[in-house]
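Student: Residue strings, one per chain:
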Amino acid sequence: MRFTTFLAGALTLGLASGAMAQDDPVKAGFIYVGPIGDGGWTYQHNEGRLAVEEYFGDQVETVYQESVPEGADAERAITQMALGGADIIFTTSFGFMDATNAVAAKFPDVKFEHATGYKREHPNVSTYDARFYEGRAVLGTIAGHLTETNKIGYIGSFPIPEVIQGINSAYLHAKKVNPDVEMVVTWAYTWFDPAKEADAARAMIDQGVDVILQHTDSTAPQAAAQEANENGGRVFTFGQASDMSEFAPTPRVASIIDEWSPYYIDRVQAVIDGTWEQQGSWGGMAEGEVVIGPITDAVPEDVKTEAEALIAAMKASEYHPFTGPINKQDGSVWLNEGEVARDEDLLSMNFYVEGISGDIPN
Amino acid sequence: MDLSSISLTLLIASLMVAATPILLAAIGEMVVERAGVLNLGVEGMMITGAICGFVAGVETGSPWAGFLVAAIGGAAMAALFGFLTQYLLSNQVATGLALTLFGLGLSSLLGQGYVGIKAQTLRRVDLGPLSDLPVVGRIIFGHDPIVYLSLALVAGVWAFLRYSRAGLILRAVGESHDAAHALGYHVRRVRMLAVLFGGACAGLGGAYLSLVRVPQWTEGMTAGAGWIALAIVVFASWRAERVLIGAYLFGGITVLQLNLQTAGARLPVELLSAAPYLVTIVVLVLISGRAGGRANAPADLGKPFHASA
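Protein chains in written order, with the working numbering: chain A, 12 to 373; chain B, 3 to 311.
A portion of the hints provided could be inaccurate.
Straight-line C-alpha distance at most 20 Å; calculated SDA-like pairs for lysine to any residue [said to hold, decoys possible]:
(1) A:LYS162 to B:ARG173
(2) A:LYS162 to B:LEU12
(3) A:LYS187 to A:GLY366
(4) A:LYS162 to B:ILE8
By construction, these hints were calculated from the structure, which means they are not laboratory data.
Could you put together the complete structure from these sequences and hints?
Tutor: Structure, rendered in structure tokens:
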């Protein structure tokens with residue numbers, strides 16, 4: 012009995028401090044899947060958090076917890092943050108989806124923002140994502156031009172729609188400039204395991220892959236490519252999530268950067284103004300959420316020009332990377348000539364496009 | 003599926019590299035356990051070694067200094083463990099787990115300013131014409147010195163335990179500390195030395211990750227390698243030569259499954275990734291099924307010792 016009273020007390024306290032937050036600084040919480048020092052995904056989310064702090068100054072207080080595992084422990088971490096008086100909580104990994112919704116049910120006055128998911132089971136849950144596949148189109152174009160072995164490697168994390176979009180987009184655009192290109196996909200089953208990512212990159216390099224794209228968060232594949240280059244190889248990579256410019260000009264020849272700052276500032280502002288509403292946000296290059304980092308001189312001038320033209324077209328919303336005709340892997344028609352993929356289809360994408368070999372694991 | 007794109011030579015060469023960190027940590031832990039101490043803090047000591055080695059490697063510009071400092075860092079962590087468990091008689095399991103948590107935290111603190119920096123890495127040894135030989139040139143003569151060091155350590159530990167008097171004393175301490183004590187051996191001293199050796203080895207293994215295999219510093223970069231090392235010791239039933247087999251098997255499966263995927267093999271990669279652990283469980287079942295129950299496990303493994311007892 013006493014324990015339940017205590018729990019209820021703690022709960023009311025948490026809710027109360029949430030409600031009182033109008034006068035106090037707004038508290039924005041961030042749940043990270045990896046360490047801030049990963050130099051990639053989590054690093055960029057944390058840059059977004061720092062941007063919030065800088066923009067709002069004393070108006071906003073931020074808290075964060077890093078290296079939260081995707082699973083039961085996530086729910087505990089999010090609950091703790093909500094009890095700690097956070098007014099808005101950003102949960103920054105796909106695997107936090109169910110935990111976020113579960114906690115949101117218990118804290119109706121706290122706003123929840125879940126990155127890269129699709130479940131919005133409660134009115135206080137929004138989702139946000141970035142159209143990374145737009146950036147992948149640019150990287151694919153560069154990769155198609157750079158490869159000499161015609162084998163491009165893609166280190167995938169988990170077979171979820173977001174990653175599959177990237178693989179398809181990169182392949183389609185590499186193929187567009189180099190019809191002989193072949194895409195090799197390796198699933199690492201982790202977002203962050205430098206040793207494994209390095210091994211995956213080495214396995215690719217050993218098998219003749221000379222351009223590597225990654226959808227995992229560490230810089231280890233870049234280092235593996237660099238090592239191969241020092242031993243006489245010719246391998247190129249792209250920075251992932253963060254610029255990873257310490258590996259420029261080679262092996263890193265360009266990068267796809269997640270820029271969360273505008274979104275975070277926008278949403279925290281909405282909480283301050285009391286105008287926060289549920290939404291499913293999916294910004295891309297046009298919104299400045301996906302940015303291509305500096306293209307180095309290792310890329311020939313005409314390729315660079317071509318890539319920049321593609322970036323400009325997507326920034327102006329004139330070009331969609333998934334514009335038909337595109338067939339599915341089994342040869343059936345997905346998009347007809349000139350047809351553009353609908354967002355619903357992209358968000359549930361679970362197939363390779365025609366030309367990629369191999370199966371997507373379940 | 004195009005298996006011909008997998009080069010067996012390169013596969014073996016890269017599995018040796020992939021297995022070296024766990025091999026180093028496992029051979030160290032095996033000596034610790036043979037002395038009767040169960041140190042579950044391998045992961046913590048590895049990651050401490052990884053960051054100590056990386057910092058020293060960056061600051062001095064010499065990977066060798068990095069490895070030296072990594073061994074010292076790992077041993078320092080182990081000394082903490084040894085002091086708590088051998089002199090203050092704290093619970094070994096709990097202390098070991100705490101050591102892992104402490105090591106993870108300490109390493110990310112030490113590593114604050116070292117994210118995204120590159121350190122000088124070890125080059126492969128160049129044995130001239132030997133390294134250019136087909137197949138064996140790459141597998142046997144084409145590695146960095148630490149790979150050879152790890153193999154030498156395994157051989158050394160094997161010979162030490164089997165042939166030397168000191169090795170016999172160490173084993174005696176692990177099998178029955180009371181008997182060893184009654185014979186006049188310094189149980190605590192022997193165990194402390196073993197623990198320090200284990201820490202230094204784990205530190206070297208960690209530094210191999212941060213200085214050679216990855217090579218850079220990222221928080222949490224050992225990603226469970228220390229636990230695998232612990233599993234290997236059990237898998238190897240506390241025998242040095244089997245530690246080598248176990249480490250190469252574990253490292254080999256990791257590399258093999260990535261290679262198979264890259265070659266487009268339609269194999270359930272999840273199962274392949276889990277295979278090392280499944281094998282360990284099977285081995286454990288087989289061991290416990292044999293007469294005598296614990297087979298090769300040192301009889302006094304994990305038991306606290308006090309001279310008054």
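Student: Given the proposed pairing of LYS162 (chain A) with ILE8 (chain B), does the C-alpha separation stay at or below 20 Å?
Tutor: Status holds; Cα separation ~14 Å.
Student: Quickly compare the C-alpha distance for LYS162 (chain A) and ARG173 (chain B) to 20 Å and report which way the hint goes.
Tutor: The hint is violated at about 54 Å.
Student: Is the hinted pair LYS162 (chain A) and LEU12 (chain B) satisfied, with a Cα-Cα distance of at most 20 Å?
Tutor: Holds, at roughly 18 Å.
Student: Between the alpha carbons of LYS187 (chain A) and GLY366 (chain A), is the straight-line distance 20 Å or under?
Tutor: holds (12 Å)
Taken one by one, the earlier hints fail for this structure only at number 1.
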